[in-house]
Amino acid sequence: MLKSPASNPTAGVHSADTQAKIEASEKTFSLNAKDKYYAWLFLGPSLLILGVFIFYPMFRTLYLSLFLTNTVGKPTVFVGLQNYVNLLTSADYLNSLLVTMVYVLGVTAATIVLGLLLANLASKQLAGIGIFRTLFSATMGVSVSVAAIFWLFIFNPSTGFLALMSTWLHLPVIPWLTNSTWAMIAVIITTVWMNLGFTFLILFGAIQSVPRTLYEAASIEGASSRFQFFHITIPSISPTLFFVSIVTLIEGFKSFGLIDLMTKGGPTNATNMLVYRIYKDAFYSGNFSQASAESLILTVIIALFTLLQFKVLEKRVNY
Amino acid sequence: MDVVAKPKFGKNFGSYVLLTILALIVLAPFFIGLWTSFLPTMQIAKGNFLSTDLSFQNYIDAFTQTPILHYLGNSLVISTVTMFAQLLFCSMSAYAFVFLDFKYKRALFVLVLATMMLPFEAEIIPNFSTVKAMGLLNSYSALVVPFLTSAFGIFMLRQSFKQMPVELKEAADIEGLGHLQFYWKIVMPYNRIPLITLGAYSFLGAWNQYLWPMLTTFSNAYRPVQNGLRQLQSEETFNDWGMIQATAAIVVIPTLVVLFVGQHYFKSGANEGAVK
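Protein sequences, first through last, are from chains P and V.
The numbering of the first sequence is the working numbering, which starts it at 1 and goes up by one.
The numbering of the second sequence is the working numbering, which starts it at 320 and goes up by one.
Chain V on its own, in the form it takes in the complex (with noise of 0.2 Å):
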């Protein structure tokens, strides 16, 4: 029995020891950054990384001296509404490709999908004109219309919405439900999961936009907080490591915790995401 047990314990110690190390390694950053988000800027420009001359000062110029709440909210706004636009639009379009009977239903989800394989990145120059066109640069619109839905969310939830008991539908039929109600009432109550998913994926999604904010928005008014960092960083604060640190640890600080509250739907959701 011990010389079983032995070689088990030597190779579980081994394995602690690794997996240490390396959740140490991937969490680095983060310590470093916060680390020094603690400490005056005189102390990180002269190297003294040890200093223990710790205060929240960093925090306090950050919050007094910065927009980076404006920012915080900006972001807030737009990615909030960009995911109940994509949990509506793209729900709403599942639902026809998946119980709508229609003409050339086929070739439009072949359409849908094809979108799927043309980069944002690639038309921004359209796009911007487009947006300029229609009078929306500089404003909350600019960042969210082109996003009111998307091709992956579709694609998605048609996946889900097809997996559906047919008897569902055949009871709705019984119960003389109209399209609407049976959408409203029994599709999307059903379907919470992918789409607790999809608005995960998607408030992600127009958090962590950085090219099309930066060309169509140029006042502190609109800029989200991604672009809004960067201009922190490349106005008079650019030396002021400390302070950067600081509004670097504001804007995560919140992430890693709804990340890690989260956690249980976006492990289901992304293994649902996979393939096997």
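One chain only, chain P, in its complex shape (with noise of 0.2 Å):
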């Protein structure tokens, strides 16, 4: 079992008998003894990255956002919750937390009921459903910029696709993307298609994890698909359910880049949600401290998220 001492480079000159009887006596104290030298080894490059970019950030964002800040983003006056008290009660900033609301709920159900639609008709027992599987998982390969390109051709209102089949169908051209509200449908269609491929993979993934016997018991009985659907299906994945909608929650909430290319934020704030106004305080209009306060804000409703979360995930692992 044990190796001749030559092959053993912890051995050294002690022969293998006096090694095993060292590191018996040993193990409970210099073992752990140089674990905490190892610890800092393999543990410090990651506590030092995210001590910099993740907590350090978060003190320093809780800190200006107590104070007024200059066009360079130092702290001037200290005004305590001032930049909060402002915020929340300016129609402007709760109009974002609106939109931001109404963009997020209808991003998440209509990702879930569609994933949902996908993943139970891909989860048939049929021949040549692997292309199928394949095809439903494809824009999981989009990034946003290509997703952004995409429907801004076709949500273009002269010579986009949307725009030609209205006219050829002689049916009034949606003004998508001028439109207050057209253009947070329009956005929201998008990212639902984004979301689509990996929504689709995790809930076509928990629905193949059902006991077949479940189903073919309930056959048996004489119920219908739609009973199973409802009936074994859904309650079966509710914990995944649950879980990929708060991940697409999250996401939604830190909704950035579609909006950046496809709408800047308007027509007149309609779709003005909360990362793209932080981005504009800080970086355009130099209000550093309010766009402090906007962040805090945003961390705190995604934190309590996350936790709801982890409430998930700790279920699973005590699973």
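The reader is advised that the hints may include incorrect statements.
Derived DEER-like restraints, expressed as beta-carbon distance ranges [said to hold, decoys possible]:
| no. | chain 1 | residue 1 | chain 2 | residue 2 | range |
| --- | --- | --- | --- | --- | --- |
| 1 | P | A127 | V | I515 | 28 to 38 Å |
| 2 | V | T339 | P | N86 | 51 to 61 Å |
| 3 | P | T181 | V | I344 | 20 to 30 Å |
| 4 | P | N86 | V | Q376 | 52 to 62 Å |
| 5 | P | L98 | V | I344 | 23 to 33 Å |
| 6 | V | L499 | P | K74 | 39 to 49 Å |
| 7 | P | K280 | V | Y459 | 21 to 31 Å |
| 8 | V | E554 | P | D92 | 25 to 35 Å |
| 9 | V | A540 | P | W168 | 39 to 49 Å |
No wet-lab data here; the hints were simulated from the structure.
None of these values were measured; they are calculated from a predicted model.
Note that beta-carbon positions come from the ideal geometry of N, C-alpha and C, so glycine has one too.
Reassemble the complex: the two chains are provided individually, in unrelated frames, and hints are given to aid placement.
Next up, the structure:
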């Protein structure tokens, strides 16, 4: 079982026998003491990066949000919670909160419903179903700027695909992106399309792991496939549904790229969502203290949803 | 027999029709984008969507008149470095949390978990100052350094390291393997599937970065492809839809190929990450 001392780098001058004895006696003390140095070596780089780029910025953001700042972002006058009071009493900011909520809820509901529809269909035992499974996950490979280009052309009011279709069918052309309501719908559609591939894969995986015997038993009892979907599939995958919903919600709150590429927050702030606002207030208007307060509000919202997500993960760990 | 088979075929036929319609809807933006990338912008502007005047001219223009290849190269460098750095640093941290015994282990782990609650998007103001103070603005480093590790990666790898059989560690102790050897020779090879999964996630994550590179890069020399495409849209090419679609196709086609080839890994990874 033991190799000869020559091939055992830590054995050194000890015979195999003494080495084993030393190891046994030292295990609880010296090995653990040595662990401390290895711990620094193994954990050091990650702790340094997380400290500098995740922890420090949070405290710095909190600090800045309690001051007024000059144009280069240096704090000048301590104002306490005034920045928060200003934000929460500003119709403009409350509008941003509202449109973000509408967007996030719209995106999450549509992503889950469509993802479930695709995942349930793709779970059928049919010949060639593998092709559909691959195709349904295709949008996973689409990055935000590619999605924006595809959909900006589709929504383009003069030469876009939907405008052409409407003209051919003699229907009124929808003012996508130039009307407040339609702009929101356009951004939601694009986000849902981008989300669909990933959501499909996760939900499909969950449905695959539901025991087939449950369906067989239900079929024998004469349960319709609709009944099976609502009474077997949905309850069996509910933890995954919850997990995917929260991931989608969190990603929705962090949305920035599509807004910047498709609407720039417009028209008239109709899609001016939280992260886009932070970016504008800080890097365009130079209002770093207000943008910091906005950042902290966003952090609180996302932290709450992440805590919920941890609860689900915890359940899974104890499974 | 016939009576049973008939409705079953009808049912399946309906499923195929529905599956095909849904697949067409999901894929429509790809088809529309790809189709217009072969049309001259003149025809697109006139609304001649079904023009048969197809050519590769837009692709030739995209390759010769825009820095799209350079953007792709930048993204490739940034994503590859980020991926390998995260594989190394996340696995080292996960190793410490599973196989090492040290003070404040539990507290440090909770701290790492806690960073998962803090969105990077809400920390761009101090991070911009930090990167600026380090003199890293407009460089590859600005886009890589903040993402050398990830709390999610540490958490994910810790979960798989914990599931390794205890006998492996015992055998390694008997063999006299030190921590470095055990980590590199046993733990890493044993966990290659979760490592591949994390690699894919971190590569894609870096590839899809948008806000941070937009703040920290100002020249085509370092600009990654997401921001490069935005740059092309805002430049003189604004209404050159044919060429814009060609650049989008150039960016998306390699990703789709990789995705379909790597589907097997993605699937197992995605399912592993999901809750049952």
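Structure-based check of all given hints:
1. P:A127 - V:I515: 28 to 38 Å: Hint holds: Cβ distance 30 Å, inside 28 to 38 Å.
2. V:T339 - P:N86: 51 to 61 Å: holds (54 Å)
3. P:T181 - V:I344: 20 to 30 Å: Because 22 Å falls inside the window, the suggested range holds.
4. P:N86 - V:Q376: 52 to 62 Å: holds (54 Å)
5. P:L98 - V:I344: 23 to 33 Å: Holds, since L98 of chain P and I344 of chain V (Cβ atoms, about 30 Å apart) stay within the stated range.
6. V:L499 - P:K74: 39 to 49 Å: holds (45 Å)
7. P:K280 - V:Y459: 21 to 31 Å: At roughly 27 Å between Cβ atoms, Y459 of chain V and K280 of chain P fall inside 21 to 31 Å, so the hint holds.
8. V:E554 - P:D92: 25 to 35 Å: Roughly 31 Å apart at Cβ, these two residues keep to the hinted range, so it holds.
9. V:A540 - P:W168: 39 to 49 Å: holds (45 Å)
Comparing the model with each numbered hint stated earlier shows that all of them hold.
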